[in-house]
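Enquirer: One letter stands for each residue in the lines below.
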Amino acid sequence: MKYFKKIVLCLFATLMLSSCVAVKEYKKVNINDPDMQLSGLSIKRFETNFQVYREGASGANGGKSGGGCGCN
Amino acid sequence: MEVNQEVVVVVIKNIKNKLLTLFCLGNIVVGFAQIDENVTTYKKRVLETTEVDFLMSYYTQEGSHAAVTGGVGNEELKDITPTFIVAIPLNADDVLTIDAGISAYSSASSSNLNPFDISGASGNGDDDDDDDDDDRRENPASPVIGSPWVASSGASSEDVWFNLTVNYSHSSDDRNFIWTADLGFAAEYDYTSIGLGGGITKLFNQKNTELGLKAQVYLDQWNPQYPTELDSYTDSNQDLNTGYFSGIDILNQSGQIINKNAIDAWSPFKDHLVTEKGRNSYSLSINFSQILSKKAQLSLFLDLVSQSGWLANPMQRVYFADRANFFVGNAANIPNYTSSTNIDVFQLADDIERLPASRIKTPFGMRLNYFINESVSVRTYYRFYMDDWGMKSHTASIEFPIKLALGKFTLYPNYRFYNQTAIDYFEPFEEHQSTSTYYTSDFDLSKFVSHQYGLGIKYLDIFSNFKIFGLGLKSAEIRYSSYNRSDGLQANIISSGIKFVSD
Chain D
1 MKYFKKIVLC
11 LFATLMLSSC
21 VAVKEYKKVN
31 INDPDMQLSG
41 LSIKRFETNF
51 QVYREGASGA
61 NGGKSGGGCG
71 CN
Chain H
1 MEVNQEVVVV
11 VIKNIKNKLL
21 TLFCLGNIVV
31 GFAQIDENVT
41 TYKKRVLETT
51 EVDFLMSYYT
61 QEGSHAAVTG
71 GVGNEELKDI
81 TPTFIVAIPL
91 NADDVLTIDA
101 GISAYSSASS
111 SNLNPFDISG
121 ASGNGDDDDD
131 DDDDDRRENP
141 ASPVIGSPWV
151 ASSGASSEDV
161 WFNLTVNYSH
171 SSDDRNFIWT
181 ADLGFAAEYD
191 YTSIGLGGGI
201 TKLFNQKNTE
211 LGLKAQVYLD
221 QWNPQYPTEL
231 DSYTDSNQDL
241 NTGYFSGIDI
251 LNQSGQIINK
261 NAIDAWSPFK
271 DHLVTEKGRN
281 SYSLSINFSQ
291 ILSKKAQLSL
301 FLDLVSQSGW
311 LANPMQRVYF
321 ADRANFFVGN
331 AANIPNYTSS
341 TNIDVFQLAD
351 DIERLPASRI
361 KTPFGMRLNY
371 FINESVSVRT
381 YYRFYMDDWG
391 MKSHTASIEF
401 PIKLALGKFT
411 LYPNYRFYNQ
421 TAIDYFEPFE
431 EHQSTSTYYT
441 SDFDLSKFVS
451 HQYGLGIKYL
461 DIFSNFKIFG
471 LGLKSAEIRY
481 SSYNRSDGLQ
491 ANIISSGIKF
501 VSD
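Residue numbers (the working numbering), protein chains in the order written: chain D, 1 to 72; chain H, 1 to 503.
If we strip away everything but chain D, and leave its shape as in the complex, we get:
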């Protein structure tokens, strides 16, 4: 329960941040750099895959969080 409270607080704080910032499209040149993308790089999928097998934790990285293989 404590854990969920922290998550909700975190989400709330971030939502509050969002109301103050609006970077215009033409000012997003740095943000749009391919290395700034928030999703995982496609070549990293193999590392994520072996980690899903070799570790007990998975998910919350935009990738697989369970199922689809005989893994943990």
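Treat the hints as calculated values from the structure; they're not laboratory data.
Do not take every clue at face value.
Claimed, not checked - For the chain D half of the interface with chain H, some residues (derived, Cβ under 7 Å), not all of them:
(1) A22
(2) Y26
(3) L38
(4) I43
(5) R54
(6) G56
Each residue gets a CB set at the ideal place from its N, CA and C atoms; glycine is no exception.
Position chain H against the provided structure of chain D, taking the given hints into account.
Expert: Showing chain H alone in chain D's frame:
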């Protein structure tokens, strides 16, 4: 008369001016209308051209806690995974992505599903795990030996995992709403999976804020493969004098041959193996992204995952501390059983691992990326994970993309830290009590810390000058990582990727 003429000239001038004004206004309106029309008809395509990615990885690992042999034994594994991804723009708004790949691996641990193959196939009956369908040993004269430290040669020593996923995505005209749907299929010898998923993403606040919701279902099915001694015991109607065990001596802890008819002779702890072959996973993912400044952006992820069905691996043995031990092979090596010097004696399993029929996972993650300057940016990631099997875990990673030669090359030095607590049902080799309901000796579910160091390099061909089969090279990259786990497991992975775009 002159006055009248002046009045007429003024009136004509006024009319002329009004007509000119009207004409100009008309032109402006038409012009705006045309501009407006252009705005509504011209849309930047979500994906300009077809993109093709060829990806490949080569993975190796070494360790001494093989789960198939109950937490001791050779964990050597090699895996190669050729994969291709094709993204096709169907129109300005829709993209179809096909992702297909295989993972071909050889594993010392899996090979010891039947460890006795090292003596030239095994037993009497086709539980020998060799590649033929006969009912006899390849070399009946040789003694039956096995070891958790020596890779066996049976069919289970290698396998191929195949995967195909098709994804469809649609973006709204203003690009502020995206929905996706995907369908996938994966299979290997003992496992098949059907995956279905869908998601929506909404962008707002001038595309500074993004909120995504994704649901995924995996309907999986085991084709269970068991440790050969457990499977054979069932097949021979629990008679150690027939079938697989016929003619094979079973030894006790002291190395003495036991009477197979005795009431205290070896037998599996339970007389049933897998009772439910299904394994379903349902996940709901919430993703929130926010641009914090011209140089920073953040993303938060929360997954809720519910799994049900047979969540244990039927291949993995368990040995109990409170049950007598029995062996097949060289009696002299029984005292050295857990040492890698043991190459010719194998302990018969008490049971396969047993785990609860449900598991709830709740990982929460966040990424924060910062653009330091034209040459360097920093990518960070943190995840907290917990589940109802008693595991908690922290993951943190950092990567510094460094651009060289005006962005033609990028280096990716990176580091990843990971730790986890053990699940409630984990104990090492020979430390479980048979009074427990659930038990596993799989060290992937034990307490450990791991460190991963890596370096990648990417070449970007901005103008796609290099062409092959009508496709222009967009980028090429290669990446190496070394992974070290505190229980001694060591792994290396090399990944490569080449991206092409159509003309």
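Enquirer: Return the numbers of the hints above that this structure violates; sort them in rising order.
Expert: Violated hint (a single one): 2; every other hint is consistent with the structure.
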